[in-house]
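Protein chains in written order, with our numbering: chain H, 1 to 384; chain W, 1001 to 1276.
Think of the hints as simulated: they come from the structure by calculation, not from any bench. C-beta: ideal position from N, C-alpha, C; glycine also. Some hints could be false.
As the list claims (entries may be wrong) - List of simulated lysine to any residue pairs, SDA-like, C-alpha gap at most 20 Å:
#1 LYS1046(W) <-> GLY231(H)
#2 LYS1046(W) <-> LEU55(H)
#3 LYS1016(W) <-> PRO209(H)
#4 LYS1264(W) <-> GLU56(H)
#5 LYS1046(W) <-> LEU213(H)
#6 LYS1264(W) <-> LEU55(H)
Said to hold, decoys possible - Partial pick of chain W residues on the chain H-facing surface, computed with a CB cut under 7 Å:
#7 LEU1012
#8 LYS1016
#9 PRO1019
#10 THR1069
#11 ARG1076
#12 ILE1084
#13 ASN1088
#14 PRO1089
#15 LEU1091
#16 HIS1109
#17 ARG1237
As the list claims (entries may be wrong) - Stretches of chain H that chain W covers, calculated by requiring three or more beta carbons in the stretch to come under 8 Å of a beta carbon on chain W:
#18 48-59
#19 131-143
#20 188-194
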Amino acid sequence: MATKNKKKKEKEIFALGNEAVVEGALLAGCNFYAGYPITPSTEIAEEMARRLPLLEEGVFIQMEDEIASLGSVIGASLAGRKAMTATSGPGFSLMQEHIGYACITETPLVLVNVMRAGPSTGMPTSPAQGDVQQARWGTHGDHPIIVLSAGDVQECLEMTVTAFNFSEKYRTPVILLLDEVTAHTREKITIPDPSDLYIYSRLLPSMPPEWYLPFEDNMRGVSAMPPLGSGYRYHVTGLTHDDHGYPTSKPREVESFINRIFRKIDQFFYDIQIVEEIYCQDATSCIIAYGSVGRSAELAVQMARDQGEKAGLLKLKTLFPFPRPAVEKMLRQCASVLVPEMNMGQISREVKRVNSGQSKVNTLNRIDGQIITPAEILKKLLKG
Amino acid sequence: MAKVTQLIHNYLRHTKKFPHVFCPGCGHGIVLGSLIRSVHAQGLSKDEIVLVAGIGCSGRIPVYVDFNTVHTTHGRALTFATGIKMANPELKVIVVMGDGDAMSIGGNHLIHAARRNIGLTTLVLNNHIYGMTGGQSSSTTPFGCYSTTTPFGQMEKEFDISEITKACGANFVARATVMQANLMDRLISTALTNPGFNMVEVITPCHTQFGRKNKYKTTVDMYKWLKKNAVPIEKYRDLSPEKQRDAVSTGVFTHNDCAGLEQKYIQMRQRIRGEI
Ligand SMILES: Cc1ncc(C[n+]2csc(CCOP(=O)(O)OP(=O)(O)O)c2C)c(N)n1
Ligand code: SF4
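Bound conformation, chain H alone:
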């Protein structure tokens, strides 16, 4: 999302990560928010409550719980809105059933989960990255999903725009994972000129209603999606369905349906994989990090370079589908990689899974509600 022309209507503001999410969402065309308050995500709801009614068709609604929040976001999306919700730990757990519903009905939406220390109520105001595997596998059944992360306030804005674009393009829920540090950091960011942004909106059917098949396969594996009430009457169900949307349990239809929803993500992997390579070219050791830890890692790499160490950093912005090619490249190139995370090793297990003996995978885990500092990372990195 480059903002090249400085003469354009760019704006600099001083914002929280959570506020930047709202800026990004509004730029992406979001005009519906439903949610339930929970620390440390609440500022997203509060800012939406102020901003959305100012839009011509904006809707904000506080629901009775997180199950209801995601339910009404799905309803709004089916009715044609770009819709989102935000939550944290316990609320994210409550949303799992409806994430699966959005996957199987191919309903675009954005869900921001600001990770706090768990399990259960845990430490509501402390950061963690403990929901990474839950974001991938929390809802039951085999399903594809896109999980993104952001590590600073500018990235919160940018990745929210990306989350909306992916959700609309691939007709899928997209989960954006922040952690408490990123969400509650206040710093200067640039709000880009809307005309500099690439904004994608779901494809609408061009054929007459009689020809329309709501879940038909095509080259992209993604069919057009008309809003409810636009003359294209069809059936939406959480039951496994055929291309009309009617429930089916015929093995052939079931298999082709599940294969298609996986394929629509897999075949566009290179569009979805977003990573940032810092000093990676000549690196002999590498850090793989995401979220606020990626920020500490960036300084650690700088410090290592200052000491003459050929260190590099691979920052993951897409967490799932797991950016395997980018990670494999570093595993081949480096004698050791270090994966620091604020959990017991949820991304390092993915790194180890794709490693197959090419490199030494070291971990650095903190689960005490404290951030991982650059010095800690540097120390561990230099140990090899």
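On the provided structure of chain H, position chain W with the ligands as indicated by the hints.
Here is chain W with the ligands on its own, set in the frame of chain H:
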């Protein structure tokens, strides 16, 4: 073909393979018939209607009808409907739920939808049992009745769905049995046109899962029982508590016409945008 059957056929999906999933004698189809007659009587178009359902036998109703149809998750139909209505207030959003759906797992959403008085038409098909999963007890299974999870009789007191919804502030609350086709048509018609949150509770027999365990030899016995025991709400209030226990009160429990939440939201938006 009877005229009314022809009318109903006009609203069924021709691309959907029948037969349907309902047991012989199930009351759910009667409610669907009444809904279609009411939609027709009110001159609503198929395109403007969104029929939303939860999970259960009742949840299988939408797939057969040629409206915009959304079969959601167990207990949560009202949350989806709330999103749809807030997103597009022009749509006529109808919600169909079973008693377990609406009042057990979904009770929280029902009371909040009623409190918000959001513009929805809600039909609760109360058969006092979990039909789809094989006859477990519901929060509406009457005290003393048998189910697969109350093999020695229900010890808990049951919910009165209509009284609760009324207490929560819904604009329109009414109850009928499937034996009262005309009353049901009238109530559903009102529920389709009145602003705010409207709920019609329909008492419907499930012989397969409830009747057989509770001393109704045949489906017909259940229909006969409903016919005999339905009492207009005005008369019901004068009955002794003894007699009330065996009666089903029917008719209109409350009827107001306050603006629905979605309309109030539009007004608020116009006010702060300086449009009014
Ligand atoms: C979250 C969840 N829990 C449980 C179920 C299993 N289940 C499906 S239908 C149903 C009960 C249906 O009873 P009711 O709502 O009264 O509708 P009916 O089948 O009688 O029409 C249950 C418990 C489910 N689908 N989802
Ligand atoms: S189990 Fe009961 S509610 Fe379900 S279809 Fe049969 S009769 Fe109807």
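Going down the list of hints, with the structure as the test:
| no. | hint | verdict |
| --- | --- | --- |
| 1 | LYS1046(W) <-> GLY231(H) | holds (9 Å) |
| 2 | LYS1046(W) <-> LEU55(H) | violated (30 Å) |
| 3 | LYS1016(W) <-> PRO209(H) | holds (16 Å) |
| 4 | LYS1264(W) <-> GLU56(H) | holds (15 Å) |
| 5 | LYS1046(W) <-> LEU213(H) | holds (18 Å) |
| 6 | LYS1264(W) <-> LEU55(H) | holds (16 Å) |
| 7 | LEU1012 | violated (12 Å) |
| 8 | LYS1016 | holds (6 Å) |
| 9 | PRO1019 | violated (14 Å) |
| 10 | THR1069 | holds (5 Å) |
| 11 | ARG1076 | holds (5 Å) |
| 12 | ILE1084 | holds (4 Å) |
| 13 | ASN1088 | holds (5 Å) |
| 14 | PRO1089 | violated (10 Å) |
| 15 | LEU1091 | holds (5 Å) |
| 16 | HIS1109 | holds (6 Å) |
| 17 | ARG1237 | violated (32 Å) |
| 18 | 48-59 | holds (count 5) |
| 19 | 131-143 | violated (count 0) |
| 20 | 188-194 | violated (count 0) |
Checked against the numbered hints given earlier, this structure breaks hints 2, 7, 9, 14, 17, 19, 20; the rest are met.
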